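There are 2 protein chains.
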Amino acid sequence: MEAVTSPQPTPHVPIGRIPVLQLSPVVEGGRWPAKAAVGEVVPVEATVFREGHDAVGATAVLLAPDGTVHSAAPMTDVAPGLDRFRGFLQPDAPSDGAADWSFRVEAWSDPYGTWSHDAVIKFDAGQDVDLVLAEGRLLFERIVAPALQATRPAADAAALEAAARELADATRPPEARLAMAMTAAVKDALRRNPLRDLVTASAAYPLRVSRPLALAAAWYELFPRSEGATRGRGKAGKVGTGRSEGSWRSGTFATAAKRLPAIAEMGFDVVYLTPVHPIGTTFRKGRNNTLDPQPGDPGSPYAIGSPDGGHDAIHPDLGTEQDFRDFVAAARAEGLEVALDLALQCSPDHPWVTEHPEWFSVRADGTIAYAENPPKKYQDIYPLNFDRDPEGLSAEILRIVELWIDRGVTAFRVDNPHTKPLDFWEWLLSEVHAAHPEVIFLSEAFTRPAMMQTLARIGFHQSYTYFTWRNTKEEVEEYLQEVSGPQGSVLRPSFWPTTHDILPPYLQHGGVAGFAVRAVLAALGSPTWGIYSGYELVENVPRPGVEEQIDNEKYEFKPRDWSQADVIGVSTLLRRLNEIRRAHPALQQLRDLTVHPTTNDQVVAFSRRVRAEHLPAAGRPGATQDDVVLVVLNLDPWGTQESTVLLDLEALGLTRPDGVEDQAFFVAHDELSGATYPWGAHPYVRLDPREQVAHVLTIGLA
Amino acid sequence: MEAVTSPQPTPHVPIGRIPVLQLSPVVEGGRWPAKAAVGEVVPVEATVFREGHDAVGATAVLLAPDGTVHSAAPMTDVAPGLDRFRGFLQPDAPSDGAADWSFRVEAWSDPYGTWSHDAVIKFDAGQDVDLVLAEGRLLFERIVAPALQATRPAADAAALEAAARELADATRPPEARLAMAMTAAVKDALRRNPLRDLVTASAAYPLRVSRPLALAAAWYELFPRSEGATRGRGKAGKVGTGRSEGSWRSGTFATAAKRLPAIAEMGFDVVYLTPVHPIGTTFRKGRNNTLDPQPGDPGSPYAIGSPDGGHDAIHPDLGTEQDFRDFVAAARAEGLEVALDLALQCSPDHPWVTEHPEWFSVRADGTIAYAENPPKKYQDIYPLNFDRDPEGLSAEILRIVELWIDRGVTAFRVDNPHTKPLDFWEWLLSEVHAAHPEVIFLSEAFTRPAMMQTLARIGFHQSYTYFTWRNTKEEVEEYLQEVSGPQGSVLRPSFWPTTHDILPPYLQHGGVAGFAVRAVLAALGSPTWGIYSGYELVENVPRPGVEEQIDNEKYEFKPRDWSQADVIGVSTLLRRLNEIRRAHPALQQLRDLTVHPTTNDQVVAFSRRVRAEHLPAAGRPGATQDDVVLVVLNLDPWGTQESTVLLDLEALGLTRPDGVEDQAFFVAHDELSGATYPWGAHPYVRLDPREQVAHVLTIGLA
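Here the protein sequences line up with chains A and B, keeping their order. Okay, so the first sequence: first residue is 0 according to numbering that gives the first Met the number 0, each after it adds one. Okay, so the second sequence: first residue is 0 according to numbering that gives the first Met the number 0, each after it adds one.
Looking at chain A on its own, in the form it has when it is part of the complex (with noise of 0.2 Å):
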């Protein structure tokens, strides 16, 4: 690991021309690069301004990893008063592990702005008419220099041309002279090439191209040794409470492997598996976290290693290596990627509390040091000290983490990586990504949020959020437009209803309805959502006084009638919003998106847009029409709701008709009921959660 060094503030360097101030997407002055994904639609923002009265544009421009240009983007003042210009960039490909994409702002005055605001003013006044002519022919001398003219589509070439020779024409009044150089067609062409003098160049920024699924993917996580688990001399087990006489026989990746055809065929991409190596045994937990285990109990995956081996072993209960590849094999088979659990701390049994004992914390006692959050003890762990041979240990982890990339894994889930240095994992993921940039890591952080912003910034591609917390129509609102503004190049949420941790009030009280809200709003709401299985089971019972299952699959096997599961018409929904998702990329979008206000405080609405120019060109062929999503949510699992939604028809893409109040004039088509309603800028809406808790609507013209 490096030696902790500091960064040098940015270097005294002179203003410029043209001030390009405050840019964004940037990450602490640039020490950390932005994120992005390959498609992904980049908001690029900089408060750009000059001195005096005349006009000044803002260019975005996308270098890719080898520094030359890739694209340009006119930027447009979206606070005139503020001066503060945006423009979108795409990158399409992902950065290597050695370089990374970059983005910089040109700001320049703009010659056509000044002459034609003042022109106008000019010509109204009757004032400096010839004058105003003379410039303007002087001006476009240079528009039409042929170095500028050569960048320009043909079509805006003669136009300009066009404009030039009009305004030129001392025969011609001089109100049509002036009209040539203001059309439309001028405008456009000038948007698009313009004429820029004074040009100044920010720096360029660094953006971390990831590819498309570290910002868009379904996860779901299981248990493998669960999955195909059976209880007694052989004979197949049922879903029970597992209190019953008779031992277990795990399931292994070869009965886990049963399922995958099944979480595929429900649209998910990354099949998440809790950690699979050796348990122990010293202080083992017995089911629901009991600290009396009875004889045939599993024990927490968590507390990982025994005289089987440590973090780079399988539990023989699962299989041998080769089966563990032979699951990553079908898994891909099914078009699924696994991902694994990465739980850094020990069992008292673990290899390195011999090999390595300066890899843990001894107290003064001389003892090695469990895990305590006073008064509390977790004796069935011990927590690493990465401060004693920060060399050694770091370098083992990275070994390990090698090694199941070795074996298949592309993704990791790490568990409670903010109870771990920063600069660990800033140097393990930085690792990682100089020699498997494809690979992901989902930071499971559920603490402050400057250790779980840090924790982003330093290179985690995904990171769970306190979305499983937010279920008033104002915390979601707020926590939607949280998510996918600035803080969406820093941290990519990851929304999970529940976890094997967590099972939240809402859910416990929310009924088949409930689960079904918190899958349409972790599914639409963030391109990346996640599923602990059992989701389409409406598990939800509690263990009394916390906020976790009971029976918890950490602490016991747990098979499920699966067959259950298409009668109670979860499952059912869990496959169509992932259908509707890959259907449409407004929905593999983290930013952009838009809040409607309703009239009912039980009922969100949002939406999420692409527009056409940034849609993937393969798959539209020639699309000319934004791909735009519209949810509209019953947040009450109980009772049916009625509202007005007020929709802001400029976020949908949507312009109202002349002379139209509040009559329909567009179709709205409901993805999930197969339903189409004509509908105006203020449509009613009425959700009975025992039918249908959502509208996910798609718009077409009436």
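No lab work stands behind these hints, which were simulated from the structure alone. What you are looking at is a predicted structure, and each value in this text was computed from that prediction instead of being measured. It is possible that part of the hints are untrue.
Which copy? The list can't say, so a pair holds if one copy fits it or any two copies do.
Stated by the list, open to error - As a list, the in silico SDA-like pairs of lysine to any residue whose alpha-carbon atoms are at most 20 Å apart: (1) Lys472 <-> Pro504; (2) Lys376 <-> Ala54; (3) Lys257 <-> Ser570; (4) Lys257 <-> Ala71.
Add chain B to chain A, keeping to what the hints say.
Using the frame of chain A, we list chain B on its own:
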């Protein structure tokens, strides 16, 4: 001038063992120094946190320009959930022209904090008592190590030695041993000189420390030609409309100097002169900005340049260079500094027009471009064009500035800096700073925030602000908080109730009380404020249709009958306000302002406070009490207003005694009226604007 370059992003550096992020005050990553002044209490903030549950601490460190540690201050967590730490640094000498001060933040693991937190919980639970004491003993062995003890005051060292001894004394009861390690004396000693593990330092970020006058100053503006101007054949003029027949004789530096004792006696620090250069005659403006000047109309001093010379010359009517130097000497004798207007524009008669036509814009018809804001034309003014010969023009302006510095000018009020390129200003101010770090530049840019902020970023010491147009309670409260918040490290506000260009509606209608209200707000709301001469006489008649005075002094001589000033009473108020400002360090600080709620929407209350440890030791030997000033102001110039003030006692350094509800427990002394009030947390006030518009209160114990 330097070629335009652009800042590079902060190179990647590892996060460090204990993260230190988002330092403040840092301007664009440190590209420009943050502002501070000698004696200013500078709040330093950083986000500091660590992995796991152990305690962290942070230290703010001030570095002198030679890079040596000047002082260090403990930081406290001011927003615990957000891990935001704050401490205060106080530089005691200005940056010289070559090097700036700087600061860094050190984050560290706090072994005492961790141990003491866990120890209390474990003792309460009767858990691991012997182990806790054994660990405490080892900890205190480190705490009292000789190297660390040597840094401590003797009393602190002794307290820690005693604690270490008692903790190790196995003959005493465990509770007693623990208690000795937890005394206030031990905690205070460790707050001052903690035991720090895993210390991680941020980079050092620059602070441009200016002399005190850059932060706190009272300015007084005058047109020198008006002071002592007389009309007709040697007969002394009197204040009149100026419409009568008879020619004027201009005031001179010699006659204007006679006003200096009165300005000094009112407590001002700086006398600011509008331009003193020769004035053009081509397109000269007449009285009240008319286009048909009458013989004898003196013209606007902002139409600079005539055959008598340009920006380096002195108007012959005002006197000679020696007369100017004598004026400066007379001002200094009164304790006043002289500021000059720097208005970079030319009349058509300026020598540059013929000598340096390349410093102006040329239009398509070959003429030099006059100033325009279409359809308005300003034919008496030629703007400079900085793009045709930037090096030549910049060098000439630097020469002129140096010339006036040589003549004794120590501050420049820069007219409309936002109409000249920012890279020019940055270069000019940097050159002047290098040679004359004591010289202060005040930016007169009434324009959009990005421009105003950036002029301040790149080197202007003080800035005119929107204060003039902030009138209602909500506006005033918000604005006071805005300028005294984080923005205060970038832009030092100068509050002016009026200028020669601005007579806001509130003052057109508010009478004498209105002038008093705005004077109190300006003088006590900002450490730098300014008055345009004539304010004492409540000159409040506007030219119809514009927000400026009728018979504007820009276009005519305006001698005043100062004997009326004391009759009206405003000059007495100005004098008293400046006296109070000088007596109270709290009023010479910008940061740390608190707005106190009131129950009347015409009554504003705010306070400033400097803690005893930051007071100048010389002026207040053995000071143990904070300096606090509380202002309660009636914004209504026409009517008596009553209100309850809901005091933020903590901000005033007060603690409500136990058992006291709303009874009086401290004494508020009114520095304006001399009255004394016994007050509690929710005092009642009644302000009749005909008698007194405000209470300006200092606080004593009852």
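Right, here's what the structure says about each hint:
Taking the closest pair of Cα atoms, lysine 472 and proline 504 come within 20 Å of each other only inside a single copy of the chain (16 Å); across copies the shortest separation is 44 Å, beyond that limit. For the identical chains of this complex, lysine 376 and alanine 54 are inter-copy neighbours only, at 19 Å across copies versus 67 Å inside a copy, given an alpha-carbon limit of 20 Å. When the C-alpha separation of lysine 257 and serine 570 is checked against a cutoff of 20 Å, the pair qualifies only within one copy, where the shortest distance is 17 Å, while the shortest distance between copies is 92 Å. In this assembly of identical chains, the alpha carbons of lysine 257 and alanine 71 never lie at most 20 Å apart, being 49 Å within a copy and 64 Å across copies at closest.
Comparing the model with each numbered hint stated earlier shows that hint 4 is the single one that does not hold.
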